[in-house]
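Novice: Protein chains in written order, with this note's numbering: chain V, 1 to 299; chain Y, 1 to 299.
What the hints contain is simulated information worked out from the structure, not anything from laboratory work.
Pairs count within a copy or across copies, as identical chains cannot be separated in the list.
Only pairs whose alpha carbons sit at most 20 Å apart, straight line, appear in this in silico DMTMM-like list of lysine to aspartate or glutamate:
#, residue 1, residue 2
1, LYS189, GLU213
2, LYS130, ASP165
3, LYS76, ASP50
4, LYS189, GLU224
5, LYS189, ASP87
6, LYS189, GLU225
7, LYS130, GLU155
8, LYS189, ASP171
Protein chains: 2
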Amino acid sequence: MSLLAVGTLAYDSIETVHERRENVLGGSATYFSLAACLYGGLALVGVVGDDFEARDVELLRSRGIDLQGLEVAPGKTFRWSGRYEADWNTRHTLATHLNVFEHFDPKVPMAHRSARFLFLANAAPAVQAKALAQAVRPEFTMLDTMNLWIEIAREELHHLLRRVDALILNDEEARMLTGERNLLRAAAKALTLGPRLIVLKKGEHGAFLISREARFALPSYPVEEVVDPTGAGDSFAGGFMGFLASQGNVEPGTLRRAMLHGTATASFCVEGFGVESLARASRAAVDARCAQILSLVSV
Amino acid sequence: MSLLAVGTLAYDSIETVHERRENVLGGSATYFSLAACLYGGLALVGVVGDDFEARDVELLRSRGIDLQGLEVAPGKTFRWSGRYEADWNTRHTLATHLNVFEHFDPKVPMAHRSARFLFLANAAPAVQAKALAQAVRPEFTMLDTMNLWIEIAREELHHLLRRVDALILNDEEARMLTGERNLLRAAAKALTLGPRLIVLKKGEHGAFLISREARFALPSYPVEEVVDPTGAGDSFAGGFMGFLASQGNVEPGTLRRAMLHGTATASFCVEGFGVESLARASRAAVDARCAQILSLVSV
Chain V
1 MSLLAVGTLA
11 YDSIETVHER
21 RENVLGGSAT
31 YFSLAACLYG
41 GLALVGVVGD
51 DFEARDVELL
61 RSRGIDLQGL
71 EVAPGKTFRW
81 SGRYEADWNT
91 RHTLATHLNV
101 FEHFDPKVPM
111 AHRSARFLFL
121 ANAAPAVQAK
131 ALAQAVRPEF
141 TMLDTMNLWI
151 EIAREELHHL
161 LRRVDALILN
171 DEEARMLTGE
181 RNLLRAAAKA
191 LTLGPRLIVL
201 KKGEHGAFLI
211 SREARFALPS
221 YPVEEVVDPT
231 GAGDSFAGGF
241 MGFLASQGNV
251 EPGTLRRAML
261 HGTATASFCV
271 EGFGVESLAR
281 ASRAAVDARC
291 AQILSLVSV
Chain Y
1 MSLLAVGTLA
11 YDSIETVHER
21 RENVLGGSAT
31 YFSLAACLYG
41 GLALVGVVGD
51 DFEARDVELL
61 RSRGIDLQGL
71 EVAPGKTFRW
81 SGRYEADWNT
91 RHTLATHLNV
101 FEHFDPKVPM
111 AHRSARFLFL
121 ANAAPAVQAK
131 ALAQAVRPEF
141 TMLDTMNLWI
151 EIAREELHHL
161 LRRVDALILN
171 DEEARMLTGE
181 RNLLRAAAKA
191 LTLGPRLIVL
201 KKGEHGAFLI
211 SREARFALPS
221 YPVEEVVDPT
231 GAGDSFAGGF
241 MGFLASQGNV
251 EPGTLRRAML
261 HGTATASFCV
271 EGFGVESLAR
281 ASRAAVDARC
291 AQILSLVSV
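Chain V on its own, in the form it takes in the complex:
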C-alpha cells in the first residue's frame, strides 16, 4: 500500500432542510477512504466501538481498504450530529461524542509504516502527531484539521505543521489559523507555518492550491441538487491523495490533476446522504466528471 490514512470513523446524525437521518456511517477517514479507494488500495488506521456494524466494516473491506489498523475498542463509536441551513454553508454542530476516540492511541501496522503517501485526517493534533511519529519517511504527508483544534490546540497544531508537506483546510479555518481575512494572504501565511503546499477548500465555490512556486484554482462541479454536504472536504482529500498515490509523484502537473479528482469525488459525495452517493461512484464516473470539469474551465 502506498497510501495510509489515519482519522475518525463515526456514526453521524444529520439534519438538512429536507431530511433527517440518525446514525449514518461517517467520519473523516471513512469519507477519505471511500474516495481514495477509487484510485487503488489504501490502509486505514482508526478506532471504532463494539457497536460498529459488520456491514460497515464489510463496505470498507469490499473496496480494497486494508483494515489491519482498524481497532475495535469496548464502548461506542465516535458520534457527531449537525444541522445544515438552507444555504448549505452554515453548519451547526449539535453534539460531538468522542466515545472510543477519546483515548485513541493510533497504532500503524508495521506493514504500512513505509507508506509513501500519508493523510492525517481531521483529529486531535496529539493523535495526528502519534500517527506521524510511526510513519517511516513518508514522501508526502497531508494534514487536515478543524476550527476546534485551531482554538484549543494551536501550539500542538503549529508543531505538527512544521513536519508535514501539505495542509488542507477550508476558508473559515484558513482565516482562523492565520488571522488573515483575504484568502490569498491567509494561504500565503499558512505556507510560512511549515507546509510547502496549501489546499484551500471553498465548498460550492471550488478549491485553490498554493505553493511557493505555483497557484492553481478550480471552480466546483456544478451539482444540480446538493443532498448532504457532510464529508465533502474529506472526499476531496481522498480524491486528491488517492490520485497522487496512484501516480507516485507530486510534480506540479500531477498536483493540478489531483485537484481535479478531488473536485470530482467531492461532487459525488454531496449528491447523496452520508456516504451513499460516494460509495456508489465508480472510477469511470469520476474520470468522466473530471473531463466535464476540464471542459468547464477550458478557454
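Given the structure of chain V, go ahead and fit chain Y onto it with the hints provided.
Specialist: Relative to chain V, chain Y alone:
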C-alpha cells in the same frame, strides 16, 4: 462604434473598513465604459447633472468613449452611498438619490442606433426598454439589473428579458429572480425567461456562464488586497462586452475568452478606490492578467 452602453453615471460615497470617500466618480455605465474602452471605442448614453465635473467628462472622452449621447440636465447627478463590511460580501446601501436620473429619457444618437453590441447597464427596466427600442437590430444585447428592480418592477423586467440575448447578474439576484436557491438551477431557470445566455457573477468566487448548449466557469483572479469592490460587476461586463465587440462575434470560444477578460477587468477594478485602479489599467496589463488567470486554471 460597434458597442453602445446605456446606464448611470454617478457620484458615490463609499465606506470600507479602511477608508471613507465622498463624491467619487461612479455609476454602472462609467465602470462599464472604462473597462470596455480597453478594447476599442464605444458610445455611452446617460445623463448627468450640471454638477458633473469637467475633469470626469474629460476622463471618459480621453479614453475614446463617444459622449454624444451624454445628456447634461439641470440638477444634481445621481448619487449612491454605501458601506461594505469587513468580509466585502455584505454591502449596505445607505442612500440612493436618483436626481437627474429620475426623469431620464434616453436618446440614442442616430449614429449609434446600429451598434452591433448593446449593453443595458443597471437602471430601471422602463429606461432600459426605451433605450432598447431605439436600437436597430443589435446582434447581441446584454442586460444587467439589480434586486431593487426584481422587487418593484418584475413585470417590466420579465418583458425586457424576452428581448435580450444575455443577462448578467450576481448570485443574490439570480436567486431572487428565479426563486431557486441552487445557483445552477437558478441560472437554468433564468434561461427559460428569454435570454439564451446567463452570466452569473459570484464576486471573489468567480463567474459562471450558462447557455442551452454550454457551461463555463472561472475562478476570480486572486487579488492580494481588495480596496473597494464597487463597480466590479460593471467592470466585468465591460471587459466581457468590450472583448466580444472587438472580436465581432459571439462564438462559444469567443464567449469563453470574454469571460476571461471580464474576470481580469473586474480584478483591476477592486484593487483601487472607485474607478482609480480600473482607469489606470492598460490593455497590456489586462492581457497579462488574462494569461495569469489561464495558467491558474490550466491542468
